[in-house]
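Q: If you read the protein sequences in the order shown, they are chains U, Y and S. First residue of the first sequence: 1, per the working numbering; consecutive thereafter. First residue of the second sequence: 372, per the working numbering; consecutive thereafter. First residue of the third sequence: 520, per the working numbering; consecutive thereafter.
It should be emphasised that the hints constitute simulated quantities derived from the structure, not laboratory data. Certain hints may be false.
Stated by the list, open to error - Straight-line C-alpha distance at most 30 Å; calculated DSSO-like pairs for lysine-lysine:
no.: 1; chain 1: Y; residue 1: K470; chain 2: U; residue 2: K298
no.: 2; chain 1: U; residue 1: K90; chain 2: U; residue 2: K292
no.: 3; chain 1: S; residue 1: K546; chain 2: Y; residue 2: K494
no.: 4; chain 1: S; residue 1: K677; chain 2: S; residue 2: K546
no.: 5; chain 1: Y; residue 1: K376; chain 2: Y; residue 2: K400
no.: 6; chain 1: Y; residue 1: K494; chain 2: U; residue 2: K301
no.: 7; chain 1: Y; residue 1: K494; chain 2: S; residue 2: K614
no.: 8; chain 1: Y; residue 1: K401; chain 2: Y; residue 2: K494
no.: 9; chain 1: U; residue 1: K295; chain 2: U; residue 2: K90
no.: 10; chain 1: Y; residue 1: K470; chain 2: U; residue 2: K14
Keep in mind the model is a prediction, meaning the values are calculated, not measured.
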Amino acid sequence: MSEEIKEITTQEFKLNMGPQHPSTHGVYRAILTMDGEYIVDVENVMGYLHRGMEKIAENRSYTKFIPYTDRLDYLAAALNNWAYVGVVEKLMQIEVPERAEYMRVILGELQRIASHLVYTASFAIDLSGWTAWLYMFRDREKILDLFEMATGARLTLNSMRIGGMPSEFPPEFFPALEKLLDELPGCFEEYDGIITGNEIFQARTKNIGVMDVDTIINYGLGGPNLRASGLKYDLRKDMPYSVYDRFDFEVPVGEIGDCFDRYLVRMQEMRQSTRIIRQALEQMPEGPIMAKVPKVIKPPKGEAYYHIEGAKGWLGFYLVSDGSTNPYRLHIHSPSFVSLGAFPEMARGGNVQDLVSVIASIDIVLGEVDR
Amino acid sequence: MDFIKTIVELFEDKVEVIEGMDYPTFKVKKEDFLSVVTSLKTSEVLEFTFLIDLTAVEYDEYFEAVYHLMNLSNKQIIRLKVQLDKNNPSIASLTRLYKAADLQEKETYDLMGINYEGHEGLKRVLCPDDFEGHPLRKDYVMPDRGSK
Amino acid sequence: MEIKESVSNESPEEMVKKNIILTSLDKVFNYARAHSFWPVTMGLACCAIEMMASGGARYDIARFGYEVFRPSPRQADLMIVAGTITKKMQPIVKKIYDQMPEPKYVIAMGSCAISGGPFAGSYNVVDGADTFLPVDVYIPGCPPRPEALIQGLLELRKKVINPEVVKEKS
Numbered sequence: 001m002s003e004e005i006k007e008i009t010t011q012e013f014k015l016n017m018g019p020q021h022p023s024t025h026g027v028y029r030a031i032l033t034m035d036g037e038y039i040v041d042v043e044n045v046m047g048y049l050h051r052g053m054e055k056i057a058e059n060r061s062y063t064k065f066i067p068y069t070d071r072l073d074y075l076a077a078a079l080n081n082w083a084y085v086g087v088v089e090k091l092m093q094i095e096v097p098e099r100a101e102y103m104r105v106i107l108g109e110l111q112r113i114a115s116h117l118v119y120t121a122s123f124a125i126d127l128s129g130w131t132a133w134l135y136m137f138r139d140r141e142k143i144l145d146l147f148e149m150a151t152g153a154r155l156t157l158n159s160m161r162i163g164g165m166p167s168e169f170p171p172e173f174f175p176a177l178e179k180l181l182d183e184l185p186g187c188f189e190e191y192d193g194i195i196t197g198n199e200i201f202q203a204r205t206k207n208i209g210v211m212d213v214d215t216i217i218n219y220g221l222g223g224p225n226l227r228a229s230g231l232k233y234d235l236r237k238d239m240p241y242s243v244y245d246r247f248d249f250e251v252p253v254g255e256i257g258d259c260f261d262r263y264l265v266r267m268q269e270m271r272q273s274t275r276i277i278r279q280a281l282e283q284m285p286e287g288p289i290m291a292k293v294p295k296v297i298k299p300p301k302g303e304a305y306y307h308i309e310g311a312k313g314w315l316g317f318y319l320v321s322d323g324s325t326n327p328y329r330l331h332i333h334s335p336s337f338v339s340l341g342a343f344p345e346m347a348r349g350g351n352v353q354d355l356v357s358v359i360a361s362i363d364i365v366l367g368e369v370d371r
Numbered sequence: 372m373d374f375i376k377t378i379v380e381l382f383e384d385k386v387e388v389i390e391g392m393d394y395p396t397f398k399v400k401k402e403d404f405l406s407v408v409t410s411l412k413t414s415e416v417l418e419f420t421f422l423i424d425l426t427a428v429e430y431d432e433y434f435e436a437v438y439h440l441m442n443l444s445n446k447q448i449i450r451l452k453v454q455l456d457k458n459n460p461s462i463a464s465l466t467r468l469y470k471a472a473d474l475q476e477k478e479t480y481d482l483m484g485i486n487y488e489g490h491e492g493l494k495r496v497l498c499p500d501d502f503e504g505h506p507l508r509k510d511y512v513m514p515d516r517g518s519k
Numbered sequence: 520m521e522i523k524e525s526v527s528n529e530s531p532e533e534m535v536k537k538n539i540i541l542t543s544l545d546k547v548f549n550y551a552r553a554h555s556f557w558p559v560t561m562g563l564a565c566c567a568i569e570m571m572a573s574g575g576a577r578y579d580i581a582r583f584g585y586e587v588f589r590p591s592p593r594q595a596d597l598m599i600v601a602g603t604i605t606k607k608m609q610p611i612v613k614k615i616y617d618q619m620p621e622p623k624y625v626i627a628m629g630s631c632a633i634s635g636g637p638f639a640g641s642y643n644v645v646d647g648a649d650t651f652l653p654v655d656v657y658i659p660g661c662p663p664r665p666e667a668l669i670q671g672l673l674e675l676r677k678k679v680i681n682p683e684v685v686k687e688k689s
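Please build the complete structure, drawing on both the sequences and the hints.
A: What follows is the structure in structure tokens.
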């Protein structure tokens, strides 16, 4: 704000945004306190998609809850499946067969690319880049085709089971995946041309919604949002789970933590994901895909916390078991929910159009925010 | 592990180590809780600056507040557990230490009915404002599937 | 000359009965409406992503003339309820529906909008859009594929062009 503008006294007023608003990525609502065109404060209002997942979990058996995890972050169903079956496997101390782990890595990284594609697409559309949106949705369809081959569903995959994978990838999956991996780098180049290098896009994202790394840590944001602020910290690299310690990949980081950095980190991550999938395909061993698991899943009494590097941040499940067939308590730590906590501070002091950039850049999915 | 020893030496009888968990777990008394977390965060050797997760569980006899903290440089995770009174569960708020606690404490208040002392603006976030009760409590029975 | 005579011979009541111009205007309007719905963006949950995908290049909902998604309910005549309706969201969905000008149609997309789907019975979920909205077409699936959404829109097109088909059945 320049000095001249500061001198003019204005009256603050409230502005409602959402829950039915194309830029809120679902049914999120923000009550903005405005001073002229500048945002003084943002009040988060959520819960418009609160479906009571944690209570439902207590009323379903362990296996029955897997499809529900698809509907948490519906843009990254496979990663949600993974985090959930991971926590049950951790509590039951099940050793997942190697081949199944590699299959999970392939599905998980494909899902990460698909999720980031929707992120980039909706970022573009929020800044009125309709043409760009078409490109990402075109390429996302190719990934969804692969999901359909492997699991039979496009969006809600239900792709993993406690102890391994339900079925092998069909034979036509591998050539299609190879073809996709050959095509993707070219697609990323295209996005760079149409979005990254776009003058309007840069003007609306650079130095907007800046948050330094200490504040990000204080707000508890993990994943790409944390890395965009400059801290090189990736659960796949720093606390390797599954077989991630066997892959060679870079962890992209941003510089100052503005909207542009958050976008750029995700663009780089998609490239790294293709690298991981290639290595996983090369290393993938033969063998069983399902561990020996009892028919009725009854984890021993106890508790476990398991978190993975999700598409939106660190997705964690905290499970308490009383030894019965249903979870005693299942707490879902959703990264989008935590990201929204930092959103008011990022948006403060900016314009309304900056707010749209910020909310697009932190990548929220309301299914996960409200659970 | 070394840092467990450091924590036990630093806090002496304030913390009690629970064995056999996936992460080092400490039981903390409710009245010591805020001072323990403050030292965990600010101490130069420990530096648990990242609040991963915050939640609560209801047991037959008591409520339990569960916290997961992470040290980013040493990549260590610890879990803190605090027992709360069954009839009037309340615990000190962590909002002054971690901004991450703000929204998550609201959520736990909304769904589980834990009262966070010192939290400014504790209110429902997920359920409608006129919602009665706290859905994640065990005495809140979910109606059968499909019953209207 | 014949026409002039027949008009002059009939009483006004008979004229109204035989008035084919009025009904055919209705038909013309319906025909136009049915080939160009303007849906309001009512994306609530997972189904909204498939709704977006159907607007993408592969499924291209524009082939049928239904691509004009409007953020404002006042410019729309079709509400595609795509996703779980929660008790907190229900009054807002109703308010948006009320703001749409007549004639208006509702499509319940996905099992959540039909009956609550997998979340039926949850403490914060409404068991279907038809509990408070007049639903014209139900599209099953969780979520329905974009092809299913297109099929649903084509069914609605039939219904709008031939309203009597639905009337006879009820």
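Q: Taking the earlier hints as the rules, which of them does this structure contradict?
A: Failing hints, ascending: 1, 3, 6.
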